[in-house]
Amino acid sequence: MDIISGLWQGFMVALAPYNLLWCFIGVLLGTLVGIMPGLGPAATIAMLLPLTFKMEPATAMIMLAGIYYGAKYGGSTTSILLNVPGESASVVTCLDGYQMARQGRAGAALGIAAIASFVAGTVGVLGLMLVAPPLARFALTFSSPEYFALMSLGLAMVVLLAGKSMVKALLAMLVGLWIASMGTDLFSSTSRFTFGNMEMLDGIDFVVVAIGVFAIGEVMASVESREEGQVLPVPKGLRNLLPTMQDMKDCRFAFVNGSVVGFLVGVLPGAGSTIASFLSYGLEKAVSKRPEMFGHGAPEGVAAPEGANNSETGGALVPLLTLGIPGSGTTAILLAALILWGLRPGPLLIQDNPTLFWGLVASMYIGNVMLLVLNLPLVPAFAQVLRLPVYILYPLILGVSLVGVLSVSGSVFDASMLVAFSLLGYAMRKLDYPSAPLILGLVLGDGMERALRQSLMMSQGDLSILVSRPASAIMLALAVLILVAPLARGFNRWRQKAIES
Amino acid sequence: MKKADFWSGLALAGLGAYIVMQARAWDYLTPEGPGAGFFPLWYGIAMIALSLVLVAASVRGGGEKRAVDTLGPTRALALWAALAVSVALLKVIGFAASFALLTYAVVAFLYGKRWTVAAGVGIASAAAFHLIFAVALGVSLPAGPLGF
Numbered sequence: 000m001d002i003i004s005g006l007w008q009g010f011m012v013a014l015a016p017y018n019l020l021w022c023f024i025g026v027l028l029g030t031l032v033g034i035m036p037g038l039g040p041a042a043t044i045a046m047l048l049p050l051t052f053k054m055e056p057a058t059a060m061i062m063l064a065g066i067y068y069g070a071k072y073g074g075s076t077t078s079i080l081l082n083v084p085g086e087s088a089s090v091v092t093c094l095d096g097y098q099m100a101r102q103g104r105a106g107a108a109l110g111i112a113a114i115a116s117f118v119a120g121t122v123g124v125l126g127l128m129l130v131a132p133p134l135a136r137f138a139l140t141f142s143s144p145e146y147f148a149l150m151s152l153g154l155a156m157v158v159l160l161a162g163k164s165m166v167k168a169l170l171a172m173l174v175g176l177w178i179a180s181m182g183t184d185l186f187s188s189t190s191r192f193t194f195g196n197m198e199m200l201d202g203i204d205f206v207v208v209a210i211g212v213f214a215i216g217e218v219m220a221s222v223e224s225r226e227e228g229q230v231l232p233v234p235k236g237l238r239n240l241l242p243t244m245q246d247m248k249d250c251r252f253a254f255v256n257g258s259v260v261g262f263l264v265g266v267l268p269g270a271g272s273t274i275a276s277f278l279s280y281g282l283e284k285a286v287s288k289r290p291e292m293f294g295h296g297a298p299e300g301v302a303a304p305e306g307a308n309n310s311e312t313g314g315a316l317v318p319l320l321t322l323g324i325p326g327s328g329t330t331a332i333l334l335a336a337l338i339l340w341g342l343r344p345g346p347l348l349i350q351d352n353p354t355l356f357w358g359l360v361a362s363m364y365i366g367n368v369m370l371l372v373l374n375l376p377l378v379p380a381f382a383q384v385l386r387l388p389v390y391i392l393y394p395l396i397l398g399v400s401l402v403g404v405l406s407v408s409g410s411v412f413d414a415s416m417l418v419a420f421s422l423l424g425y426a427m428r429k430l431d432y433p434s435a436p437l438i439l440g441l442v443l444g445d446g447m448e449r450a451l452r453q454s455l456m457m458s459q460g461d462l463s464i465l466v467s468r469p470a471s472a473i474m475l476a477l478a479v480l481i482l483v484a485p486l487a488r489g490f491n492r493w494r495q496k497a498i499e500s
Numbered sequence: 000m001k002k003a004d005f006w007s008g009l010a011l012a013g014l015g016a017y018i019v020m021q022a023r024a025w026d027y028l029t030p031e032g033p034g035a036g037f038f039p040l041w042y043g044i045a046m047i048a049l050s051l052v053l054v055a056a057s058v059r060g061g062g063e064k065r066a067v068d069t070l071g072p073t074r075a076l077a078l079w080a081a082l083a084v085s086v087a088l089l090k091v092i093g094f095a096a097s098f099a100l101l102t103y104a105v106v107a108f109l110y111g112k113r114w115t116v117a118a119g120v121g122i123a124s125a126a127a128f129h130l131i132f133a134v135a136l137g138v139s140l141p142a143g144p145l146g147f
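Chains as they are written, first to last, in numbering that gives the first Met the number 0: chain A, 0 to 500; chain B, 0 to 147.
Quick caveat, the hints were computed from the structure, so don't treat them as lab data. A couple of the hints might just be wrong.
[What the hints assert, rightly or not] Each computed EDC-like pair below joins lysine to aspartate or glutamate, with the alpha-carbon atoms no more than 16 angstroms apart: (1) B/2 with B/68; (2) A/429 with A/223; (3) A/163 with A/413; (4) A/429 with B/68; (5) B/2 with A/431; (6) B/90 with A/413.
Bound-form chain A, shown alone (with noise of 0.2 angstroms):
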C-alpha cells in the first residue's frame, strides 16, 4: 500500500464521528494532565489504558497517542504561567516562556509554544508517515536473533540516558526483567517467582506496575510538599495570545530546528522529549544572533524546545510501531496497550493492521489542528485547571488510579500489588533509581527471554548465532559499546553533563 492510499484510507478512519470525538477526548485530556504538574502522560495512560479494553484498538490507539501529544502541548502553559514545568518536556520552556510572562508577554509566550508545536507536530507526523513503512519493510528480514540484539540495544540505549547512575539504571532495568519473568513459563509451563501464590501463575499485570510506579509514586513524590505555586494571569482574548509579527520572524529557525532536531532524537530510543528540548534550545542559541536573549525572554527560546517536544513524539512512535521497541516510558505504556488489545507490534503491524496504523496517523494530524484550536483561544480556560488545589487532584489520581486497576481484573490483590509498586516507585525516586528502565525491562522482558530461547533452540545451544549475522552482530557491538564506552571518563563525564542539563 503506497502512502497516499494509506493516508487517504487513514483519513477516513479518523474523520468517523466515534474516533472524531476520542481524539478530542484524547487530545483535551493530554492538554490537562500535560497542565497538571506531577502528573504526566505515561501516568495517565497508564490510568486509563484498562478503559480502552472494549474500544476498538484503532479508536483506542487514537485517544491514547492524543494523551501522549497533547501532554506536550499543556506542559508549556504551566512552564510559562507558574515557572514549574507541566511534564519533563517543558523545563527547558520554563527559562525563556516564565521571564515573557513576567514581562508581560504571557500570551505571546504562550501563542508562540502552540504555533511551534503545532508546526513541529505536523512535521513529526510527516516524519513518521514517511519513514514507518520503509523501516518496517526493512525488519520483515528480522529473525530472533535480529530482535533479541535490538532488544538489547534498545534497553541498553535507554540505560545509558535514564540517570546519572549507569549502574543503577542498569539495576532498575534487571528488576524490570525479573518482574517479567514472574507467573508461568510458557516454554515449559514451569510457574517461576510466584511465592506459592495463585494469584501470581499469571504473572503480574503490566498496568499494575506502570500505575504504581509512575501515577501513583509520583502523587507520593508531591505530596511532600503543601506548598503551591503562584500563577501568573493570562490575558484574555485572542488577539492578547498572538505573537507579533516581529516574534514569528525571530521564531521561523526555531520553527524548523525543533521539528528537525525533535524527531531525530525521538526515532532514537531512550532519549526522549527532555533531551530533545534541551538540544533544540542549546542549538538554537549556538546559532542566534542574539544569545545574549536567551534566558531573558527570546520568543525562539520557547519556539525551539516547545517545536522539539512535539515533533519527537511522531519519532518516538516510528521504532514503536515498526519494529515494536519502545523508546520511553510513555511508548513502553503504549506497547503495552497493543500487547493487551491483541495486537503483534513489530514490522508487520502495518501490513496486518493498516486501519489502526494510518488512522492513526491521520487522526495526528487532525488532532495537531485540534489542539492549535484548544491551545490559543482556550488557554486561558485551561489555566484555571492550574487553580485546582491538590488536596482535590491528588485523591482523583489515587481514585483513578484505583480504578484503573480494579478494572483489569476486578481483583483486590491487583489492588494491593499496586499498593506495593506505589512504594517501590516512591523508593526509586527518592534513592534516584530511574523508572523507565524499569518500565521497559517490564515490557521487554518476555519478548527478549522468548527471542533468545528461540534462537539459541535454532542453534542447538551455540550462542555464536547471537554474532554470527550481520544485523544482529552490530547491533550487540552497538549495545555493548553504548554499555562500556561510560567506563572512558571523559564520555562519561559528557553523558552526566548531558543528563544534569
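Following the hints, complete the assembly by docking chain B onto the known chain A.
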C-alpha cells in the same frame, strides 16, 4: 559512605541471590533448548555483580553531609498508609466508602482542612466516581454492605 546506595545495593544483591537460588532449581538447558532457569540465572548474576559495584562505590564515595528532611517522606508515607488501609477495606466496605475515607484522610490530615470540607470532598468524590465508573461505564468495583 552514601548510606542510601549502600543499603539499596545490599538489598538488590540479596534479591539477585534469591533469583539465582530459585533459577538453579529450574532447568538450565533441556534437549529442546534453554530451560526456565536460563534467563533468570544470568540476570540474577548480573544483578548481584552490579549491586556489589554500587555497594563498593558507596563505601569509597566518602561521607554525605546532607540535611535530612523527615517531614516530606513522613507525609508521603502517610499517604501510602492511607492508600494501603483503603485497599484493605475494599472487600469489607466497598470501593465508594473506602475511597471516601481515603479522600477524607488526605484532605483532613495531610492538608489540614476542616473536617466538614474533608467530608464534603470525600463524599462528592466517591459519589462522582460511582456514577461515572460503576454506573455510566459499567466498571465492576467492589461493593460494600450498602450495595456500592
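Against the structure, the hints:
1. The straight-line distance between the Cα atoms of residue 2 of chain B and residue 68 of chain B is roughly 15 angstroms, inside the 16 angstroms bound, and the hint therefore holds.
2. Distance check on the hinted pair: residue 429 of chain A and residue 223 of chain A sit about 11 angstroms apart at the alpha-carbon level, within 16 angstroms; holds.
3. Annotation: proposed proximity of residue 163 of chain A to residue 413 of chain A is violated, straight-line Cα distance about 32 angstroms (limit 16 angstroms).
4. Restraint check for residue 429 of chain A and residue 68 of chain B: the C-alpha separation of about 11 angstroms stays at or below 16 angstroms, so the hint holds.
5. Using a Cα cut-off of 16 angstroms, the hinted pair residue 2 of chain B and residue 431 of chain A holds, with the two alpha carbons roughly 13 angstroms apart.
6. For the hint pairing residue 90 of chain B with residue 413 of chain A, the CA-to-CA distance comes to about 13 angstroms; that is within 16 angstroms, so the pair holds.
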